[in-house]
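Each protein sequence line maps, in turn, to chains A and B. Okay, so the first sequence: first residue is 84 according to my numbering, each after it adds one. Okay, so the second sequence: first residue is 84 according to my numbering, each after it adds one.
For the record, the hints were derived by calculation from the structure and aren't laboratory data. Treat the hints with caution; some may be incorrect.
Simulated restraints on C-beta separations [unchecked claim]:
(1) R294(B) - L359(A): 39 to 47 Å
(2) V431(B) - D86(A): 49 to 57 Å
(3) T114(B) - P399(A): 30 to 38 Å
(4) D313(A) - R294(B): 14 to 22 Å
A few chain A residues that face chain B, going by a derived Cβ cut-off under 7 Å, partial list only [stated by the list, open to error]:
(5) N100
(6) G103
(7) P117
(8) G120
(9) L126
(10) R309
(11) T323
(12) D326
Ideal placement from N, C-alpha and C gives every residue a C-beta, glycine not left out.
Protein chains: 2
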Amino acid sequence: MTDTYDEFIAEIKDIYNLKGIERILWWDQQTYMPPKGGLDRSLEMATLSTTIHSRMTSEKMGKYLDDLQRESVYEDLTPEEQTNVRETAWEYHRAVAVPPELVKELAKTKTGATQDWAKAREKKDWSIFKPHVEKLLDLKKQEAEFIGYEDRMYDALMDAFEPGMKSSQVETLFARFRDKLVPIVERIVDTGIRPDTSIVTAGYRISDQERFNEMLLPLIGFDMERGRLDATTHPFTSGTLHDTRLTTRYNPDDLRPAIFATIHEAGHGLYQQGHLDDHYGTPMGVAISLGIHESQSRSWENMIGRSLPFWKFFYPKLVEAFPKQFEGRTVEDFYAAINDVAPSLIRVEADEVTYNLHILLRFEIEMALFSGEIDANDAPQAWNERVDKFLGLDVPDDSQGVLQDIHWSMGAFGYFPTYTLGNLYAAQFFEMALKDMPDMYTSFENGDFSGFLDWTRRNIHEKGKLHRAEGLCREITGNPLDEDHFISYLNGKFGPLYGF
Amino acid sequence: MTDTYDEFIAEIKDIYNLKGIERILWWDQQTYMPPKGGLDRSLEMATLSTTIHSRMTSEKMGKYLDDLQRESVYEDLTPEEQTNVRETAWEYHRAVAVPPELVKELAKTKTGATQDWAKAREKKDWSIFKPHVEKLLDLKKQEAEFIGYEDRMYDALMDAFEPGMKSSQVETLFARFRDKLVPIVERIVDTGIRPDTSIVTAGYRISDQERFNEMLLPLIGFDMERGRLDATTHPFTSGTLHDTRLTTRYNPDDLRPAIFATIHEAGHGLYQQGHLDDHYGTPMGVAISLGIHESQSRSWENMIGRSLPFWKFFYPKLVEAFPKQFEGRTVEDFYAAINDVAPSLIRVEADEVTYNLHILLRFEIEMALFSGEIDANDAPQAWNERVDKFLGLDVPDDSQGVLQDIHWSMGAFGYFPTYTLGNLYAAQFFEMALKDMPDMYTSFENGDFSGFLDWTRRNIHEKGKLHRAEGLCREITGNPLDEDHFISYLNGKFGPLYGF
Chain A
84 MTDTYDEFIA
94 EIKDIYNLKG
104 IERILWWDQQ
114 TYMPPKGGLD
124 RSLEMATLST
134 TIHSRMTSEK
144 MGKYLDDLQR
154 ESVYEDLTPE
164 EQTNVRETAW
174 EYHRAVAVPP
184 ELVKELAKTK
194 TGATQDWAKA
204 REKKDWSIFK
214 PHVEKLLDLK
224 KQEAEFIGYE
234 DRMYDALMDA
244 FEPGMKSSQV
254 ETLFARFRDK
264 LVPIVERIVD
274 TGIRPDTSIV
284 TAGYRISDQE
294 RFNEMLLPLI
304 GFDMERGRLD
314 ATTHPFTSGT
324 LHDTRLTTRY
334 NPDDLRPAIF
344 ATIHEAGHGL
354 YQQGHLDDHY
364 GTPMGVAISL
374 GIHESQSRSW
384 ENMIGRSLPF
394 WKFFYPKLVE
404 AFPKQFEGRT
414 VEDFYAAIND
424 VAPSLIRVEA
434 DEVTYNLHIL
444 LRFEIEMALF
454 SGEIDANDAP
464 QAWNERVDKF
474 LGLDVPDDSQ
484 GVLQDIHWSM
494 GAFGYFPTYT
504 LGNLYAAQFF
514 EMALKDMPDM
524 YTSFENGDFS
534 GFLDWTRRNI
544 HEKGKLHRAE
554 GLCREITGNP
564 LDEDHFISYL
574 NGKFGPLYGF
Chain B
84 MTDTYDEFIA
94 EIKDIYNLKG
104 IERILWWDQQ
114 TYMPPKGGLD
124 RSLEMATLST
134 TIHSRMTSEK
144 MGKYLDDLQR
154 ESVYEDLTPE
164 EQTNVRETAW
174 EYHRAVAVPP
184 ELVKELAKTK
194 TGATQDWAKA
204 REKKDWSIFK
214 PHVEKLLDLK
224 KQEAEFIGYE
234 DRMYDALMDA
244 FEPGMKSSQV
254 ETLFARFRDK
264 LVPIVERIVD
274 TGIRPDTSIV
284 TAGYRISDQE
294 RFNEMLLPLI
304 GFDMERGRLD
314 ATTHPFTSGT
324 LHDTRLTTRY
334 NPDDLRPAIF
344 ATIHEAGHGL
354 YQQGHLDDHY
364 GTPMGVAISL
374 GIHESQSRSW
384 ENMIGRSLPF
394 WKFFYPKLVE
404 AFPKQFEGRT
414 VEDFYAAIND
424 VAPSLIRVEA
434 DEVTYNLHIL
444 LRFEIEMALF
454 SGEIDANDAP
464 QAWNERVDKF
474 LGLDVPDDSQ
484 GVLQDIHWSM
494 GAFGYFPTYT
504 LGNLYAAQFF
514 EMALKDMPDM
524 YTSFENGDFS
534 GFLDWTRRNI
544 HEKGKLHRAE
554 GLCREITGNP
564 LDEDHFISYL
574 NGKFGPLYGF
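With the hints as constraints, model all of the structure from the sequences given.
Set out below in structure tokens:
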């Protein structure tokens with residue numbers, strides 16, 4: 084039986100290599116591919132995803148999994164081996180359910196949709212993108228039906244990003260969360276306090292911003308020998324264990340987008356770089372879910388990167404990079420400016436308090452699109468109504484509304500809720516890390532981030548998919564996920580800043 | 084039968100897509116991959132090349148080819164369809180002939196050899212590299228035996244780069260060529276004339292050089308919407324029809340390497356961009372051979388890029404880019420400096436006259452290694468003797484001699500002759516183009532390169548693999564390849580420059 088397990092591992096490592104290629108090609112498409120390269124790339128991606136799909140769904144794979152899941156065999160495997168079998172079986176069952184023609188059609192549609200989404204956003208014209216959304220909704224509904232679901236169709240799709248999570252659970256959790264979050268936003272708005280943000284909007288040469296970010300990354304623990312940083316419209320993290328590619332976006336008029344996207348993506352990158360060499364190419368060597376991934380990026384971006392201790396260390400370096408812009412300012416001025424809370428239109432520019440309201444509205448719209456309550460025609464209106472209701476704002480055009488995110492063009496329905504799940508996990512984990520290391524924030528002041536990084540390596544990164552998200556949360560915190568840790572984190576941080 | 088042909092085309096297009104991916108990953112490896120990314124990349128490349136090999140040698144492929152090559156069927160195909168069947172069959176037979184164990188062994192040996200070649204070159208020590216050469220010679224001889232050959236074993240290897248060419252033909256051609264070339268070099272050396280090259284060695288900011296090259300490329304017809312330019316140690320062209328990636332190398336002290344590598348690679352790139360959309364992914368949509376590829380790059384680099392009319396157009400733009408360095412100089416000064424001819428030790432730095440002597444000596448040594456006349460022990464001495472005989476120079480150490488090129492470490496025996504074949508094809512084709520368009524050089528002065536580009540598109544690029552190199556040469560020029568066109572080109576150009 085060892086032989087079967089070894090052959091099985093060789094097979095899934097081969098498949099992982101092909102997926103690694105897919106991740107690099109995706110990066111390439113967003114960074115350096117020439118404008119018309121998409122013509123060839125969509126064909127290449129279609130062939131590659133078909134190849135992966137047919138390896139993943141082969142008779143051979145089915146046989147390995149049948150053999151390895153036989154009770155007498157499975158029981159003799161180590162927990163790590165069981166993880167590799169269990170998680171591959173989960174992926175196998177999702178993959179065999181979907182016919183290859185649909186896989187190919189989806190891949191081709193996504194490539195075209197991504198290109199036209201960019202065009203539509205530029206022209207502020209939903210009608211350019213709408214037919215792609217209709218097509219994608221149709222294909223994703225077909226996919227969900229093939230995969231199957233217990234409760235709601237949407238669950239089959241969310242499962243790809245947050246395995247095991249049910250939309251009914253999310254609905255309940257998000258409703259409780261919203262009831263506690265909205266009063267905090269109102270309280271902050273009611274204070275009438277707005278920090279002076281001129282300190283971060285004074286004009287910064289992009290090449291100087293790049294240099295600052297590339298200096299920062301290794302100091303927080305990101306290994307630049309095993310990764311790199313580039314610029315894209317929509318920041319992301321891709322690649323593999325020894326080749327982790329981060330992107331950020333630069334605004335010459337505002338220092339915040341690039342710095343915080345860099346730290347955010349570094350959080351994802353540190354998770355990826357934290358997997359173990361020994362588990363390369365297997366479920367034990369990759370992330371649990373997008374929610375857990377996001378918990379890592381949010382910890383770094385917000386709990387660490389937007390904290391005063393972090394900037395006590397980095398502020399002098401920032402002043403060195405931009406001496407003119409920071410003349411006569413203090414780290415406290417900067418800290419206030421990077422924690423400006425105010426309802427706004429663009430999700431990726433939102434502060435960490437109102438951010439979650441952007442997610443709640445997307446979750447509702449996706450649920451409505453999949454329940455059939457609304458269709459692609461209604462999406463802009465459904466969007467704008469919720470922006471008014473949740474954030475009290477008017478959407479001037481669709482580029483600042485329903486067209487702002489790339490996700491739907493990639494067929495990634497069910498993805499958005501993972502952002503808020505990530506925030507909630509982040510707060511719950513961070514509270515435990517602080518319990519284990521009460522001096523953690525002091526070490527940040529000294530530029531030592533290894534305590535937190537090691538804690539996450541040990542408790543999360545090195546465990547790969549050993550647990551699912553819910554199990555990991557119980558393992559680390561002793562409790563299931565809830566909203567209270569995040570709420571108490573917000574009160575603890577923004578109370579002093581806004582005087583409540 | 085149409086069905087079989089269509090299925091066959093779908094299959095080879097899929098394989099081509101995987102090869103396109105291989106070409107982008109290769110580019111990525113040389114440009115942006117982080118230092119330790121090689122750990123993951125070598126696994127990815129191994130999986131990808133195994134995938135391609137098994138698709139290429141599948142039973143299904145064998146069956147398609149058997150069916151389509153049956154006389155009654157083959158005769159009903161169009162010439163283009165016949166080309167796709169014939170050339171795929173040729174590749175199939177080479178692929179199935181070599182046992183997978185030998186393919187694997189070769190891949191492993193190459194990786195080790197390439198690493199130790201770099202070490203050996205750095206330490207100027209042939210003995211570090213020699214055992215790898217011995218092993219590679221042994222494996223390549225086995226490979227040649229498996230593939231089979233009519234005349235000489237070396238032909239089976241050269242066939243991978245220059246299909247259909249025989250080494251006995253090359254031997255005769257190169258001997259005649261050498262007898263006419265050596266006197267020209269001697270004449271130039273005897274004049275004692277050396278142009279003042281200070282005009283091209285005055286120091287040039289790399290970012291300014293980049294800007295100049297990126298301005299130049301579209302002006303000669305390279306489509307930047309379907310391609311890009313980056314920097315690598317060794318320039319190359321990769322990618323596909325709508326995604327053609329060129330690289331060049333920058334020297335802040337010398338303007339020549341970057342400009343002429345850019346124009347050279349653009350010549351390769353224009354060939355690639357010139358294939359027809361309709362033939363994408365089939366033998367009708369790719370290049371004939373390395374020799375023909377090189378004929379395109381050499382035409383652009385030397386016959387056009389090192390001509391006076393070309394610089395009558397571009398020199399003012401160069402002066403604009405580097406006003407200080409070109410103060411008080413003329414386009415004629417520049418033209419003389421970029422056509423400095425002198426025997427030298429390093430192939431990739433050689434001028435267009437002596438360059439071919441570097442190739443002739445490599446070809447002779449490879450022939451001797453494969454005929455058994457010499458072995459790896461004798462290679463440095465055989466090299467140094469020929470450098471003395473052909474170029475009149477002493478080789479101070481092996482890093483400037485037998486260790487200078489990467490090719491052997493990659494098992495690429497039979498590759499070198501294609502460089503000189505390319506030069507000869509270039510001259511023979513260019514003469515015909517000039518006959519068809521006597522005013523061609525005048526149009527270059529006006530920055531109009533479309534005449535020559537269209538001529539090559541029509542006569543070469545759009546024909547894919549319809550002809551083999553020899554057939555193309557007869558088709559275009561009415562004659563087989565010979566050395567006289569190149570000799571007369573050299574006399575016509577360097578006679579006036581060196582006063583003979």
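Evaluation of the provided hints:
1. R294(B) - L359(A): 39 to 47 Å: Given a distance of about 45 Å, which is inside 39 to 47 Å, the answer is holds.
2. V431(B) - D86(A): 49 to 57 Å: holds (50 Å)
3. T114(B) - P399(A): 30 to 38 Å: Given range 30 to 38 Å: holds, Cβ gap about 35 Å.
4. D313(A) - R294(B): 14 to 22 Å: The hinted range 14 to 22 Å holds for D313(A) and R294(B), with Cβ atoms some 20 Å apart.
5. N100: This hint holds: N100(A) lies near chain B, its Cβ roughly 4 Å from the closest one there, short of 7 Å.
6. G103: Holds, because the Cβ-Cβ distance from G103(A) to chain B comes to roughly 5 Å (cut-off 7 Å).
7. P117: holds (5 Å)
8. G120: holds (3 Å)
9. L126: holds (5 Å)
10. R309: holds (5 Å)
11. T323: Hint holds; T323(A) Cβ to chain B Cβ min 5 Å, cut 7 Å.
12. D326: Status holds, d = 3 Å.
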